[in-house]
Amino acid sequence: MRRVLNVLAALLVSAAVLALFAFGYGPVPALGRALDPGHGAWTSAAGGQPIHSQTLSLPGLAHPVTVAFTSHGVASIRAADDDDVVLALGYLHARFRLTEMDLERRLGEGRVSQLAGPAGLSSDKFELRLGLLRTAQAEWAATPRTSPGGQTLIAYSRGVNDYLARARRSGEWPSIYGLTGVYPSAWTPVDSLVLQGVLTQQLDYTTTPLDYAILERTLGPAHTMAWFPILPPGQQSPYDPGPYKNRGLAPIAPQATAVTTADVQQRAAAPAAGPGTDRGGGVTAQAARAAAAILAQADALPPGLIHQYPDSNAWAANGPKVAGAKAMLACDPHLPQTVPSIWYQAALSAPGLSVTGVTVPGLPGVLIGHNAHIAWSLTDTQNQATLFYDERTSKSHPGQYFWQGAWRRMRHVSYTIPVRGGSAAHLTVNITVHGPVMTQAGQTTSVDWMGNIPSPDLTVLLAVNRAHDFAQFRAALAGWRAPTQNFVYADDQGNIGAISAGYYPLVRHGDPWLPLPGTGADDVAGVIPYASVPQVYDPPSHVVATANQRPVGPSYPYYIGTSANFFDPGYRAGEIYASLHAGSRMRPAGFAAIQLSLTDRLAQQIVPQLLAALRHTHLTTQQQAAAALLHGWDATMAQNSAAAALWWTFWGDYLRAVFKPWWKAAKVPVRKDPPGLAILPQSQFSLDQVLASWTADDPANSAFSPPGGPHRTAPQVMQAAFATTVAHLAATLHGAPSSWAWGRIHSRQFPSVTQADALGYGPRASGADAWTVNAADGGLVSHQGPSWRMIVAWAGPGTATGEGVYPGGQSENPASPWYEDQMEDWWDGRYLAMPPAAGYAAGRVVWSLRP
Amino acid sequence: MSDLNRLGKRGSYRLGRLGTPPAAPKSPPSPHYPTWVPHHRGPVGLWLLACLGAAAVIAVGALVGWWFVPFLAGLAGGVASRAGGWRLRVALPAAVLVAAAGWGAALGWLALRGLPEAAVARVIAALAGLPAHAAVAIAVTLLVAAIQAAAGLWLGRALAPGPARPVG
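Same order as they appear, the protein sequences are chains A and B. Every letter in the first sequence is one number past the one before it in my numbering, and letter 627, counting from 1, is 627. Every letter in the second sequence is one number past the one before it in my numbering, and letter 31, counting from 1, is 31.
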């Protein structure tokens, strides 16, 4: 009997062990397969080896292709036709960035849970609800297969799938797949279009109207519009100063008329009142509840997917402003900084195509770079592209909504979401004429987002890659819809320009910065005609710069967004313009110095006023020492600067000292959306700007006096805030104020795309802040900043010298020597020579790709 | 009661005085005389050679993707050790070591070919949410082989025919 029991127990345990190791259980992967040294997660070691010259067979190629790699892994692809060059690019993207591409694809298609388990379910539901996949499918369905865009997507997918087939044969997958046992499916053109959607979401999808709804409900409409105005109070540096022409609307709905900036300013100019006196405004409690519900969904997303920070600098100069060149262009797009980077650098060469720059793994084409005749870059325009609609529903009309005088049936789309280690989840998305319903909590609310309109970005990009002059460049961009971008331009003839291409949605009635009634009258009626979008060509100043500032002046005849989390306050733009106007006969080194500038222009403006306020109060010895540091400070946010730490901390304390009593009295539910509602320095751009403006021009503004509290002025609040700052830093950093270096409290961090902490880079002590040209967004641990620095100088026709660098490396494999090999160059402000537009014919390593 | 209240105080009764008298001492335990007389059959060298062979088979199995070979080796080892008269306290560590050595040898072989196994080990540990040290992933990997071998050994010994031997 004992022996029988022993046999049974041994059988049971053996079966359990084998089953667990073969199939896994719940979140535990199939450990036998996963950790098999020859075939599991360990096989990613092969991808981490330095590459060597070889000949590869790639089905689908029409002709042989050569790929030459620099010592940093920058690839020059030379092919005999266009399809071959993008097929090879697809192969390289997959070879060096498969995990990154696949994770982005999963993110957009709502398939994160399939790999990550139940933790990814919130993100999957949000994305399926928002509809990146539906948009991509619709766009691909409308793309003729024989069109340039269609052929390119097919060839690119073929290249990616060539690599997937090779990985299947060799079993050499990135570790994450060997570990989870969930392998990437074949790549399709829809996947590339979904990635385009993810990028659009990062740059264009905002929840600011929901924040406005909550603020109106709590602070009241008057204070909300006074503190979060349409037009910012400070001086701006629009790159297109006008004159402007109102050309009506481009047709989305032909009967539309524009709501102009003047209209919305008029509505916003209501008399101010204290919180509670007119609390509630036009935002119902149900609408505020719905807003909070949608914000909670967004809170579950991976960082960076909701557009929060302004992104990027780009400028160009010509004529007397440059030396040794006819025109020069510089750029540094600020994006979430990850390892691997969002960028993969390459040069693509085929008959009729010679282009070099950075590509986005998953997408064919060079997004930022130069060809033989023109150079271009882009920054986010920051206009309002997301509108929310409160749908009218009724219990007597289930599944319907009221629109244009009649009850309409919602469209339903159902999804099944596979979940690793759990049962599949099901989701039904309701869709109205405005777009997907994002919540039915309190109030059925849908979203009309420009990113949900199919946009032939890829076709546009391919045309830009081939453009020879501004006319071709501008004509190509006419088809660009989302995300709206400021494209900056410089060419080999010495011309410069910029154009903010994309859709700017306009409504006939209502306040678009708030959730709008969904009954029809407030629908998006059209967009700004392409001829009227912000643009400039060969300006008389010989410089053009975009740094996400409002691109136009206050007389621009169209509404394009408010000061709250749409446009940058313009401190970076101001610094760039000041440097460009002050400089003459600049060379690439001069442009590099601007890119690396750590000057905070808001500090330049406020610190003298702070010191003036401190002259009229008693200071402790420690406070005197701290103030002395600010006296001699040049507003440089250097890593070793104690004054920089004092300034940044002071600005946050000053903001809180002014606004927190109002927030507290009005019970603003900050926790519903901290980035959009909390009083944080360099997060609420409106508050930064109005406070700077009051401090300079209206120091007795009623906002300085807390509700129900004593009368205060700006100098009094500054004195109190400064005392708080010194006490806070003394408690945190100890020692003398001179030892409170900015780098002791501020760092940059580059998380891994896999979200595994140990695979990221940093946190590392750093200078800079959100207002410096060399930007560090995100507070004390910054994870957004210059993702690619590039400078192109045109010496003459067809003669460009380009240099660039990005934080990270060409390979996503942490075992690869190309994982972080450019990080130190980027950190220290060094640049690497870019391959010429035609690419390098030879290199340290050359791959020969054969059909 | 008054006596009990005084317990633990100076001059009180000791508990032993209140209990029953102690039992008569037992006879002292018999001394353990270790013996070096082998219980197993066959020369040790042959058994060691078999272990080496098993480790090699496990390593080759890992390289070709047969992750379950440590279990099979443990199973065979269980049957053989039973037939060979090996005690569990010898057979179990041997099986575990052989399995770990097999997978360790496979990893070593790959590293010798120039593959960055240490860096990958760190990646695996990081992705698994473990402390991101190469040693952690390597240890877990070898543990997976060892657990298989131990389970296989148990099953093999349970299934193997022959007279029962004292376990221990």
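Be a bit skeptical, because a hint or two may be false.
[Stated by the list, open to error] Calculated from the model, a selection of chain B residues having no Cβ within reach of chain A, i.e. all distances over 10 Å:
no.: 1; residue: P31
no.: 2; residue: W47
no.: 3; residue: L112
no.: 4; residue: L155
no.: 5; residue: R157
no.: 6; residue: A158
[As the list claims (entries may be wrong)] Selected chain A positions facing chain B (in silico; Cβ < 7 Å):
no.: 7; residue: N6
no.: 8; residue: L179
no.: 9; residue: G181
no.: 10; residue: A720
Treat the hints as calculated values from the structure; they're not laboratory data. Backbone N, C-alpha and C fix where the C-beta goes; we use that ideal spot for every residue, glycine too.
Here's how the hints hold up against the structure:
no.	hint	result
1	P31	30 Å, holds
2	W47	22 Å, holds
3	L112	12 Å, holds
4	L155	4 Å, violated
5	R157	8 Å, violated
6	A158	4 Å, violated
7	N6	5 Å, holds
8	L179	6 Å, holds
9	G181	12 Å, violated
10	A720	45 Å, violated
Of the hints listed earlier, those the structure fails to meet are numbers 4, 5, 6, 9 and 10, in rising order.
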